[in-house]
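Take these sequences, add in the hints, and give me the full structure.
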Amino acid sequence: MRTISLFGSVPTQRQPIKFGGLFRGQVRDFLFSPDSDRWLSLLRIGLGIEIVLYSLSLREDWNRLFARNNTGFLSRELSEAILSIQSPFVPRIGWMVSLGEQVGLSEQTTLLLAWLLLFGSGSLLIAGVFCRSSAIAAWLLHLCAAKSGEYLAYGMDNFTTIGLFYLMIAPLPDRYALDWKIWKRPRCDPQILGFHRKVLQFHLCAIYFFGGITKCLGAGWWNGNSMWRALTRPPFDIISIQTLLSWKAALPILGIAVCLIETGFPFFIWPKTTRLVWLLSILAMHVAIGFTMGLYLFSLIMIVLGLAAFGPGAVVLWQERHVAQRAASASA
Amino acid sequence: MLIVSWQQTFWVLAEGFTSLPHSLDRHWRKAEQLTTAALGQTLSLSNPVRQGITAYIHATGIEGGYGFFAPSVPDSYKLVFELHYPDGRVEYELPHVADAATGLRLSTLLDQIGRTEYDPLREVMLKMLAYSMWEAHPDASVIRAVFGFVALPTAEEAMEGKTESYYFLYAYDFTFRERPDTAPAN
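Protein chains in written order, with the working numbering: chain A, 1 to 332; chain P, 1 to 186.
Heads up, some of the hints might be wrong.
What the hints assert, rightly or not - Below 30 Å or equal to it, Euclidean Cα-Cα: the simulated DSS-like pairs (lysine-lysine) are:
no., chain 1, residue 1, chain 2, residue 2
1, P, K78, P, K162
2, A, K184, A, K198
3, A, K272, A, K198
4, A, K248, P, K78
5, A, K198, A, K181
6, P, K162, A, K248
Claimed, not checked - These stretches of chain P come out as covered by chain A in the derived footprint (C-beta under 8 Å, 3 or more residues):
no., region
7, 11-20
8, 63-73
Hints are computed from structural coordinates only; laboratory data are not their basis.
We put the beta carbon where it would ideally sit given N, CA and C, even for glycine.
Structural data, given as structure tokens:
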């Protein structure tokens, strides 16, 4: 390894400082800091619940959404044709239907099977049975549904794909999964677990930072106008106009709070002193979005991702800080 | 993931949707073009590199960027069907959904139709929605899809008693023939 000495040609017995090596070491220590698999349990169970609720929420309209000659919304063939122009490699429901036709299954049967598999993979994820296979199946089926219904997809679908992708490549199973209890597999390297969690943490920081900074650039989020519009815009207008008007003075404060919480997320979620406060703020924001705008599945996936990425250890860090403060004040 | 996020942010800036000075727009445009090129989106559609990057971006769920309701909350769109019967009757219908979850997705679809700048694509999308309406009302001779947006009152306007206003954008007349087991036909 190439090293640089601070002392040039002056003879010295000191160990030369390895700038490159030191930096690389710090980065490696940070990225691969050992971690438990509690975050992975949260991610697996949370995504399992999300997938089960997602499939249940679309059960009534599943065929209307994805049948070729549907009688409800856009034909999936339109979304898939546009998707094919962008890239022929993106998974879609049409692939499954073609596969089903090869073995003599009708489109209706294949669609029903796809729904059952999606629901089943979500249930298996909750229980922790066949974790890897279930995660891959859930990711693939959800992705197919999201892409074939591209024009009907919203933020929740993107975040679910993100979560399932990370779960699919994560070192499964975790210790709370039935897989681990049944097969007694050796525990995964804590450093690998730590690295996977770090990637998820960085991604979440990017999500909130870019979401926040783009909001900060609009005047409406500073004067309460965007908050008002978000809460009165159909189909998110769950709260009555009269109730909102009585809270009118709080809207600018809430708008600014959203901007600050989101933009400040990558800066305040890492320090021990602010992690718990920031995590609770972001979770409270998503609970509020769920109940005031009816975006229950969107809120749930954001809470799952946030809790999995930064939940485990946040309370411990906060407790450690308070114990240290008490000890310092006692010794003083 | 970071390149996609920057590209979306630069696009918002370049379009002049923010409070920043418009003199900077051309710089944001250049930055957006740079990030677009980095994502391989300036290559030809059939280029395998572009197709591979696009597939990866879709498979990991990072294609959309994260600027929801940013920098401002857009107006919502509304679709109304006018059902014209041979006897001169006219009925009005809204698109049907089974539950709130699908209603949310229908709202997304209307936003997508509203943002579509390519007229033939918009017409095809509305035709498909009109077809489903015709299946529920096969006696209708003409189905007119009237698409517009809803302008919401500000808090001050709402205090004065002003309610939402509906603005017309497009209207298309569709007629369908009895052709079971086929795609919608005009």
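- Query: Can you list which hints this structure breaks, lowest number first?
  - Reply: Every hint satisfied by this model.
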